[in-house]
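Peer 1: This is what each chain is made of:
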Amino acid sequence: GDSVTQMEGPVTLSEEAFLTINCTYTATGYPSLFWYVQYPGEGLQLLLKATKADDKGSNKGFEATYRKETTSFHLEKGSVQVSDSAVYFCALKHGANSKLTFGKGITLSVRP
Amino acid sequence: DTEVTQTPKHLVMGMTNKKSLKCEQHMGHRAMYWYKQKAKKPPELMFVYSYEKLSINESVPSRFSPECPNSSLLNLHLHALQPEDSALYLCASSQPSRGTYEQYFGPGTRLTVT
Numbered sequence: 007g008d009s010v011t012q013m014e015g016p017v018t019l020s021e022e023a024f025l026t027i028n029c030t031y032t033a034t035g036y037p038s039l040f041w042y043v044q045y046p047g048e049g050l051q052l053l054l055k056a057t058k059a060d061d062k063g064s065n066k067g068f069e070a071t072y073r074k075e076t077t078s079f080h081l082e083k084g085s086v087q088v089s090d091s092a093v094y095f096c097a098l099k100h101g102a103n104s105k106l107t108f109g110k111g112i113t114l115s116v117r118p
Numbered sequence: 002d003t004e005v006t007q008t009p010k011h012l013v014m015g016m017t018n019k020k021s022l023k024c025e026q027h028m029g030h031r032a033m034y035w036y037k038q039k040a041k042k043p044p045e046l047m048f049v050y051s052y053e054k055l056s057i058n059e060s061v062p063s064r065f066s067p068e069c070p071n072s073s074l075l076n077l078h079l080h081a082l083q084p085e086d087s088a089l090y091l092c093a094s095s096q097p098s099r100g101t102y103e104q105y106f107g108p109g110t111r112l113t114v115t
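Chains as they are written, first to last, in the working numbering: chain W, 7 to 118; chain S, 2 to 115.
The hints are simulated quantities; they were obtained by calculation from the structure and are not laboratory data. Predicted, not measured: the structure shown is a model, and the values here were computed from it. Among the hints, erroneous ones may be present.
[To be verified] Below are the BS3-like pairs computed for lysine-lysine, each with C-alpha atoms no more than 25 Å apart in a straight line:
id: 1; chain 1: W; residue 1: Lys110; chain 2: S; residue 2: Lys20
id: 2; chain 1: W; residue 1: Lys110; chain 2: W; residue 2: Lys74
id: 3; chain 1: W; residue 1: Lys105; chain 2: S; residue 2: Lys37
id: 4; chain 1: W; residue 1: Lys66; chain 2: S; residue 2: Lys41
id: 5; chain 1: S; residue 1: Lys41; chain 2: W; residue 2: Lys110
id: 6; chain 1: W; residue 1: Lys105; chain 2: S; residue 2: Lys39
id: 7; chain 1: W; residue 1: Lys105; chain 2: S; residue 2: Lys19
id: 8; chain 1: W; residue 1: Lys110; chain 2: S; residue 2: Lys19
id: 9; chain 1: W; residue 1: Lys110; chain 2: W; residue 2: Lys83
[Unchecked claim] Residues on chain S that point at chain W, a partial pick, calculated with CB under 8 Å:
id: 10; residue: Ser66
id: 11; residue: Pro67
id: 12; residue: Glu68
id: 13; residue: Gly107
[Claimed, not checked] Cβ-Cβ distance ranges computed for the label pairs, FRET-style:
id: 14; chain 1: W; residue 1: Asn28; chain 2: S; residue 2: Lys54; range: 14 to 24 Å
id: 15; chain 1: W; residue 1: Thr18; chain 2: S; residue 2: Thr17; range: 21 to 31 Å
id: 16; chain 1: S; residue 1: Asn58; chain 2: W; residue 2: Met13; range: 29 to 39 Å
id: 17; chain 1: W; residue 1: Arg73; chain 2: S; residue 2: Ala40; range: 27 to 37 Å
id: 18; chain 1: S; residue 1: Thr115; chain 2: W; residue 2: Thr32; range: 22 to 32 Å
id: 19; chain 1: S; residue 1: Arg64; chain 2: W; residue 2: Thr76; range: 38 to 48 Å
id: 20; chain 1: S; residue 1: Ala40; chain 2: W; residue 2: Gly84; range: 37 to 47 Å
id: 21; chain 1: W; residue 1: Ala23; chain 2: S; residue 2: Pro70; range: 44 to 54 Å
id: 22; chain 1: S; residue 1: Glu45; chain 2: W; residue 2: Glu14; range: 12 to 22 Å
id: 23; chain 1: S; residue 1: Lys10; chain 2: W; residue 2: Thr113; range: 32 to 42 Å
id: 24; chain 1: W; residue 1: Gly101; chain 2: S; residue 2: Lys42; range: 22 to 32 Å
Built from N, CA and C at the ideal position, the CB exists for glycine as well.
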């Protein structure tokens, strides 16, 4: 079955540091890939998405590229802010009638 | 507008109470979802409604009863819950026929069962 693996956390960074959060997946074919962010006390927000190989999703300074050859969708940001402190979930979906499969999530804390 | 609204924001209920959670979206989406999320865990799918019909029930106990009155509304009726049912309950919606199938989540209802 489908699965998503995220790097172990938590991650603590200083403001303006470079961020990489690793995400790899196991799935047949070409699933759609997503990053969701959950700020403290809130629901999940769709951060970015990609639907086919070599697609780059981007939003709010975050980027992730759909790499079919390495089955990866790593999240990056060049300069993190305190306001980026949140839990980040990588997820995949195979089509209209399939489940959204989440990774375990990783907590990011950014200190001033 | 990609907003999904949920009420109430917080709910405390006893094990003998009956309560309902409500979810609404006005994006024209025809698929709606209920998820349960425990602290520091990813959401777990409970139910899926597609075109107002229940299409997925992830073996959820009968003390949780979903209802989809129309294409914009989704309810979750709660009865005789257990303390372990305390969690954040998230509603989501998506357009089944649209290419990327992304789901949009509401802010959730934080449920405490005493």
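Peer 1: Determine for every hint whether it applies to the structure shown.
Peer 2: Hint check results:
1. W:Lys110 x S:Lys20: Given pair Lys110 (chain W), Lys20 (chain S) is violated - Cα atoms ~30 Å apart, limit 25 Å.
2. W:Lys110 x W:Lys74: holds (21 Å)
3. W:Lys105 x S:Lys37: Status holds; Cα separation ~14 Å.
4. W:Lys66 x S:Lys41: This hinted pair holds, its Cα atoms lying about 24 Å apart.
5. S:Lys41 x W:Lys110: Holds. Lys41 (chain S) to Lys110 (chain W) sits at ~8 Å (cutoff 25 Å).
6. W:Lys105 x S:Lys39: This hinted pair holds, its Cα atoms lying about 18 Å apart.
7. W:Lys105 x S:Lys19: violated (29 Å)
8. W:Lys110 x S:Lys19: The given pair, whose Cα atoms are some 32 Å apart, is violated under the 25 Å limit.
9. W:Lys110 x W:Lys83: Holds: Lys110 (chain W) and Lys83 (chain W) sit about 20 Å apart, inside 25 Å.
10. Ser66: violated (21 Å)
11. Pro67: Violated, about 16 Å.
12. Glu68: violated (21 Å)
13. Gly107: For Gly107 (chain S), the interface hint holds, since the closest Cβ of chain W sits about 5 Å away, which is under 8 Å.
14. W:Asn28 x S:Lys54: 14 to 24 Å: Taking Cβ atoms as reference, Asn28 (chain W) and Lys54 (chain S) lie about 39 Å apart, which means the hint is violated.
15. W:Thr18 x S:Thr17: 21 to 31 Å: violated (44 Å)
16. S:Asn58 x W:Met13: 29 to 39 Å: 33 Å Cβ-Cβ, so the 29 to 39 Å window holds.
17. W:Arg73 x S:Ala40: 27 to 37 Å: For Arg73 (chain W) and Ala40 (chain S) the Cβ distance comes to about 32 Å; the hint holds.
18. S:Thr115 x W:Thr32: 22 to 32 Å: The hinted range 22 to 32 Å is violated for Thr115 (chain S) and Thr32 (chain W), with Cβ atoms some 41 Å apart.
19. S:Arg64 x W:Thr76: 38 to 48 Å: Since Arg64 (chain S) and Thr76 (chain W) have Cβ atoms about 44 Å apart, the given range 38 to 48 Å holds.
20. S:Ala40 x W:Gly84: 37 to 47 Å: violated (31 Å)
21. W:Ala23 x S:Pro70: 44 to 54 Å: The hinted range 44 to 54 Å holds for Ala23 (chain W) and Pro70 (chain S), with Cβ atoms some 48 Å apart.
22. S:Glu45 x W:Glu14: 12 to 22 Å: Hint holds: Cβ distance 20 Å, inside 12 to 22 Å.
23. S:Lys10 x W:Thr113: 32 to 42 Å: Because 23 Å falls outside the window, the suggested range is violated.
24. W:Gly101 x S:Lys42: 22 to 32 Å: holds (25 Å)
Consistency with the previously given hints fails for numbers 1, 7, 8, 10, 11, 12, 14, 15, 18, 20, 23, ordered from lowest to highest.
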